[in-house]
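Residue numbers (my numbering), protein chains in the order written: chain A, 7 to 327; chain B, 27 to 276.
Hints are computed from structural coordinates only; laboratory data are not their basis. The structure displayed is predicted, hence computed values, not measured ones. The hints are all genuine.
So these bits of chain B aren't anywhere near chain A, every CB distance computed over 10 Å:
no., residue
1, T39
2, I92
3, K166
4, R201
5, G249
According to the in silico footprint, chain A covers these stretches of chain B (three or more CB under 8 Å from chain A):
no., region
6, 74 to 88
7, 111 to 117
8, 126 to 132
Glycine included, every Cβ here is placed at the ideal spot set by N, Cα and C.
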Amino acid sequence: MHGIFTIFRKEMEDHFSSIRFLLISALIVMIGVIITSMVGMGIQEESKGMAKPTFLFLWLFTSTGKLFSFVQFIGFFGPLIGIFLGFDSINRERISRTLSKLVSQPIYRDSIINAKFLSGVMVIAIVLVAIMLIISGLGLRLIGVVPGPEELWRLVIYLIISILYISFWLGISILFSVVFRSTATSALASLAVWIFFSFFVGLGAGVLADAIAPVSQSGTGVDPEVFLKHEQIQRVVSHFSPMTLYSNATTTILDPMRKTTQSLVLMGPLERLSLSRFQNPLPLIQSLIIVIPHLISIVAITLVCFGVCYYIFMRQEIRTV
Amino acid sequence: MEGQTIIESEGLTKKYGDYIAVNQLNLKIYEGEVFGFLGPNGAGKTTTLLMFLGLTEPTSGKARVIGFDPTRDPFHVKEKVGYLPENVGFYEDMDARQNLRFIARLNRIPDKVSTGRIEESLRMVGLLEEAEKRVGTYSKGMRQRLGIAEVLIKEPKIIFLDEPTIGLDPDGTNRMLDLIHSLSREKKMTIFLSSHLLDQVQRICDRVGIMIKGEMVAIGPIGELAKKKLGVDKEHYTLEEIYMKYFKEA
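Produce the complete structure using the sequences and hints provided.
So, in C-alpha cells, the structure goes:
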C-alpha cells in the first residue's frame, strides 16, 4: 500500500505539472463553455413565455443545441482524454530507464501499475467534475432553473458512468504502453482502437445486418420479421462498441422520458395507446434498472482491460523492463 | 577479511529457452568485501545480479542474500540491497533532491529522516552544489554519482553495481572508484561490482570472479589467481593477463 501511495502521489504531481494536462483541461473547459452557452441560450429562447418543463436542468447536458450535446462530446472525445493520460505511462519509464530502478525498490511490483491506473482515474474524475460544475454554474445563470435532488442524482450517476467509460480507454492505452516499447506506437495503437470503435463498429453493424437480413431502402413491402431481425443484428453488433454502451446508458439516465435504450420497439395497439396517454417521466430507479446491463458491461470491459494489462506487466521479464 | 557469508548461491541456473545465460553458479560473497565480477559482454553478469535481487527467477538452483531467498522474498532483499543498474535513469524534470526523496519514500523512510540522509549522500558523492539543477541537465558522470547517492539513501548492506564506470571520463572514473572504495572501508558495505574494465577492478577489489559464457571459470583473490595461471615467481602481473588466459581457454 505504501508503494502505491508514493507512486500515486508522484504521478498526480506529474500529471498536474504536465503541459498535456493543461492542454486537455483548457480544451475541455473551452468546449464546455461553448456548449453550455449555445445550449443554454437555445433553451432560454424556447422556453420563453411558457411553463418550464420538468428536468429542464438536465437539458443542459443532453440538448444538442446547434452542434452537439455535452454527453455526445464526452462519448466521442472522452476516450481521447483517457488515451492522452495513459499512452506513455509504462514505456516512458522504460525508455528513461527508471522502471528498472522502481522495481528494485522494496515495493510490490503491481503497485506501479495500480498507482498509474488510479492516478489516471483520479485526474479523469477531477477534470469531469470540474467541467460539470462549470456547465452547471453557467447553466444556472443562463436558464435560471435550480436542479432538484433527482436531477442531481442523475448527474452524479452520469458522472460515475463517464469516469468508468474514460477509465476504460485509460486502461486500453496503459495496456498498449506495457506491450509496446515506443510511446509513438502505443499512442497510434490506442487511437486506432478508438477510431475502430467509434466509426467502424457502427458501419460494420449496418453492413452485417444488411448481409444477413437485407431490407430494401424504399421500405415498401418489407417483411416485419426481416426488418426486426435487421434491427436486432445492428443493435447487437453495435453494442460491441463501448461508445454505444456509454451513449445509450447516459442518454437514458439523463433523460427521464426515455423508457428504453432501444431505438425500435415492437408494440401492440394497446401499448401504443397507453404510451401516448401517459407521458410521464420514469423515476430514477427505473431509469437505473434499464441501464444496469450497460453499466455492468462498462465496468466489466474496464476491469478486463486492466486485468490483461496487469497480467502482462507482472509477467514481463525484468531484463526487458 | 573473511566475514560472514552474505550472498550465497548453489547451482544457480538461468535459461532463456535453449540458451543458458548462467550455468550452475556456486558463489559465496563475504560481508564487507569488494567483489569484482568480471566477464565479457553477454557472459551472464547482469542476469546473475538480477537473480540475486529477485528481479528474475532462476530456472533452477538456490540463492540466499542476507539470509533471504530473493525469489520467494524479494521484498526483504530489496530493502537491504541497493542496485545501480547500467545506465541508470532518473526523472529528468525533477532535481536531485526530489529524485532522492521519491526513492526514500518508496523505501518507507520518513521525510524527517530522509532529509538528513539526502544531504549526507549528496555530500558523499559531491553533488551538493548541483543539487538544485534538473537531473536532465546532468552529465554522465554526475548521473552515475547521483545513482550512487540514490542507493545510499536506504543505507543498504550490499550494493550491486553494474558497470558503474562505463562511459565516464578518466577523472569521473577515478572519483567513482574512490567513492566505491570509501563506501567499503568507511561504511562497511559489501560491494558486488560487475565490470569488464580490468585495471579498475584490480585497483579496488578484494576478490574477483571471472564468468565466461555463463560459467564461473575462476574465483579468488587476484594474487592467488595470478599464481595459479601465470606461474608462481611472476612479480608483476596484471589482471588483464590472467583474464585473457582464462578467456582463451574457455
